[in-house]
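Start from chain A and add chain B according to the hints.
Residue numbers (the numbering used here), protein chains in the order written: chain A, 9 to 322; chain B, 9 to 322.
These aren't lab readings, by the way, just hints derived from the structure by calculation.
There may be inaccurate statements among the hints.
Unchecked claim - Restricting the straight-line Cα-Cα distance to at most 27 Å, the calculated cross-link-like pairs of lysine-lysine (DSS-like) are: (1) A:Lys153 to B:Lys150; (2) B:Lys50 to A:Lys50; (3) B:Lys278 to B:Lys294; (4) B:Lys150 to A:Lys150; (5) A:Lys50 to B:Lys153; (6) A:Lys150 to B:Lys153; (7) B:Lys50 to A:Lys153; (8) B:Lys150 to A:Lys50; (9) B:Lys50 to A:Lys150.
There are 2 protein chains.
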Amino acid sequence: MNQEKSEFKLIEWISRNRPPAGDDVLTDIGDDMAILRTGGDKILITTDILLEGVHFDLDTATLAQVGYKAMACSLSDCAAMAAIPFVAVVAVALPNRMSMSQAQQLHQGLQSAAVNYHCPIVGGDTTSWDNPLAIDIAMLAKPGKTDPVLRSGAQIGDIVLVTGRLGGSLLSGRHLDFTPRVAEAQLLTSLATIHAMIDISDGLSSDLNHICLSSDVAAVIDEEALPLSSTALESADPLYAALADGEDFELLFCVKPADAEKLLRDWPAKSPLEVTRIGEIVPCEKTDLPRMFLRNSAGRLTLLPPGGWEHFRD
Amino acid sequence: MNQEKSEFKLIEWISRNRPPAGDDVLTDIGDDMAILRTGGDKILITTDILLEGVHFDLDTATLAQVGYKAMACSLSDCAAMAAIPFVAVVAVALPNRMSMSQAQQLHQGLQSAAVNYHCPIVGGDTTSWDNPLAIDIAMLAKPGKTDPVLRSGAQIGDIVLVTGRLGGSLLSGRHLDFTPRVAEAQLLTSLATIHAMIDISDGLSSDLNHICLSSDVAAVIDEEALPLSSTALESADPLYAALADGEDFELLFCVKPADAEKLLRDWPAKSPLEVTRIGEIVPCEKTDLPRMFLRNSAGRLTLLPPGGWEHFRD
Numbered sequence: 009m010n011q012e013k014s015e016f017k018l019i020e021w022i023s024r025n026r027p028p029a030g031d032d033v034l035t036d037i038g039d040d041m042a043i044l045r046t047g048g049d050k051i052l053i054t055t056d057i058l059l060e061g062v063h064f065d066l067d068t069a070t071l072a073q074v075g076y077k078a079m080a081c082s083l084s085d086c087a088a089m090a091a092i093p094f095v096a097v098v099a100v101a102l103p104n105r106m107s108m109s110q111a112q113q114l115h116q117g118l119q120s121a122a123v124n125y126h127c128p129i130v131g132g133d134t135t136s137w138d139n140p141l142a143i144d145i146a147m148l149a150k151p152g153k154t155d156p157v158l159r160s161g162a163q164i165g166d167i168v169l170v171t172g173r174l175g176g177s178l179l180s181g182r183h184l185d186f187t188p189r190v191a192e193a194q195l196l197t198s199l200a201t202i203h204a205m206i207d208i209s210d211g212l213s214s215d216l217n218h219i220c221l222s223s224d225v226a227a228v229i230d231e232e233a234l235p236l237s238s239t240a241l242e243s244a245d246p247l248y249a250a251l252a253d254g255e256d257f258e259l260l261f262c263v264k265p266a267d268a269e270k271l272l273r274d275w276p277a278k279s280p281l282e283v284t285r286i287g288e289i290v291p292c293e294k295t296d297l298p299r300m301f302l303r304n305s306a307g308r309l310t311l312l313p314p315g316g317w318e319h320f321r322d
Numbered sequence: 009m010n011q012e013k014s015e016f017k018l019i020e021w022i023s024r025n026r027p028p029a030g031d032d033v034l035t036d037i038g039d040d041m042a043i044l045r046t047g048g049d050k051i052l053i054t055t056d057i058l059l060e061g062v063h064f065d066l067d068t069a070t071l072a073q074v075g076y077k078a079m080a081c082s083l084s085d086c087a088a089m090a091a092i093p094f095v096a097v098v099a100v101a102l103p104n105r106m107s108m109s110q111a112q113q114l115h116q117g118l119q120s121a122a123v124n125y126h127c128p129i130v131g132g133d134t135t136s137w138d139n140p141l142a143i144d145i146a147m148l149a150k151p152g153k154t155d156p157v158l159r160s161g162a163q164i165g166d167i168v169l170v171t172g173r174l175g176g177s178l179l180s181g182r183h184l185d186f187t188p189r190v191a192e193a194q195l196l197t198s199l200a201t202i203h204a205m206i207d208i209s210d211g212l213s214s215d216l217n218h219i220c221l222s223s224d225v226a227a228v229i230d231e232e233a234l235p236l237s238s239t240a241l242e243s244a245d246p247l248y249a250a251l252a253d254g255e256d257f258e259l260l261f262c263v264k265p266a267d268a269e270k271l272l273r274d275w276p277a278k279s280p281l282e283v284t285r286i287g288e289i290v291p292c293e294k295t296d297l298p299r300m301f302l303r304n305s306a307g308r309l310t311l312l313p314p315g316g317w318e319h320f321r322d
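Next up, chain A with everything else stripped away, as it sits in the complex (with noise of 0.2 Å):
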């Protein structure tokens, strides 16, 4: 086999290739959880892991701002989901130079995102070798006071929304101690029908293609109205940042226009986190075709190509 080498195209081939799951298993690979059956009730499941150097780097980062970080990747997919967190279990590599007193921080850390996000860690394994620091999340869920969001029901005509500000987030340390948004996708389903969403982890334009490829549909995005964090602002190209930095966390998500004026109407006025309109949801006609456009304010169209983040490539 001589193969392109991408992340993306390693999931394309497992889920091409994997057996068939069963009628327990509703929704497996290609959105944030898994949605499986358990007698009458739905539970879901998702798994994260996180490396040294890669997702963190302890010269910038504490232990224990790792292990909430950790928690906190698997709580977002929990919000994307608009599901709410359950239990976690957490296996380590601890590199075997650190202390005992360093694991401890580690799991003050991941304890304290447990704590406040009322998913306690029931289990775990602990490991260690001569290589650096690895920690995985696995975490299940319960769905909401609705069905779980999937990434695959944007409709053409949809509006595309997004919480909060992109951009530089790895730059501002924000993707150290941000929110997952799981409190406020529960206000966002009990406000609309959200046909769509994901949680920008990858980045805008990567994960706003995820939703475009599930859905089968593209997106125009208007540039002037990306909400751009203070460090996007200040950094050399504001829209890059905004759309291909990655590790935002925030929500974005796809409502029908008249959801989305009263989401946006609705929306506590109160409420420290904006929701912004950035775009809608546009037809695709044919599958090999690019799925997302850039406006700018003269409303001319540019090719948004899938920026962001990408592991496992030469």
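This is chain B only, laid out in the frame that chain A set:
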């Protein structure tokens, strides 16, 4: 803080310092799987991380074998609870040097176990870095025909039994292609009431110690009764191999004497797997006294310290 460094001391510290987990968490840290209540049902969860250079070596194992082993370790946890594997999620940290084809071989190994044990892989996380391979499996299981079997139920007077033959798993390569005792655990629970069970991952003496501590009992093992693998028999110290080598992934369990007799009588003669009585559970009068003893053919007792593998030691 200046504390002795040890995997088990760290787990003890985590266990002591964890916040309350809530009513839906029936069993958490300290068994092979956590047991959760979802609606009227119970669901179990475990996580295991396998590390290159610690749990496998790519000079002697193929990537397909590594994938199989990663799944099989978690399947063995399900067996230890007498639970039925349900679904798995897989997170991998791939070395950047690895090719697309190599990543696919790893997944073929994972899938072979998933298919054989009816435990579909429903999601995952694919990352990469300039360090060795790490694979985490989080697995869900459902109770079998009986309630899940804990480590904590051993009673004084119980007989200690073990499936299969012990020792030399790493040397013989059996740790790469062992059979998780999922079906055998169901057969065991259909033949007798299992008071306590664990799978032998760290080594018989280490895992028996977990049962003794969880159940607050002690144990006497008859050294001549231990079923030795052919690799253990060929080693310099066959007894030590059986007690401490680890990665046998056999079941170690306790039943009352009448059930042990019934079980040994009713165990299918045609089964390729042996079940052997290796000792008994005795009282432990003070919690800080040794909990395990070896008995030789003359009936003389010597202390059996918990041996086997432990992570995160200086």
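Here's how the hints hold up against the structure:
no. : hint                 : verdict
1   : A:Lys153 to B:Lys150 : holds, 25 Å
2   : B:Lys50 to A:Lys50   : holds, 13 Å
3   : B:Lys278 to B:Lys294 : violated, 43 Å
4   : B:Lys150 to A:Lys150 : holds, 17 Å
5   : A:Lys50 to B:Lys153  : holds, 22 Å
6   : A:Lys150 to B:Lys153 : holds, 25 Å
7   : B:Lys50 to A:Lys153  : holds, 22 Å
8   : B:Lys150 to A:Lys50  : holds, 14 Å
9   : B:Lys50 to A:Lys150  : holds, 14 Å
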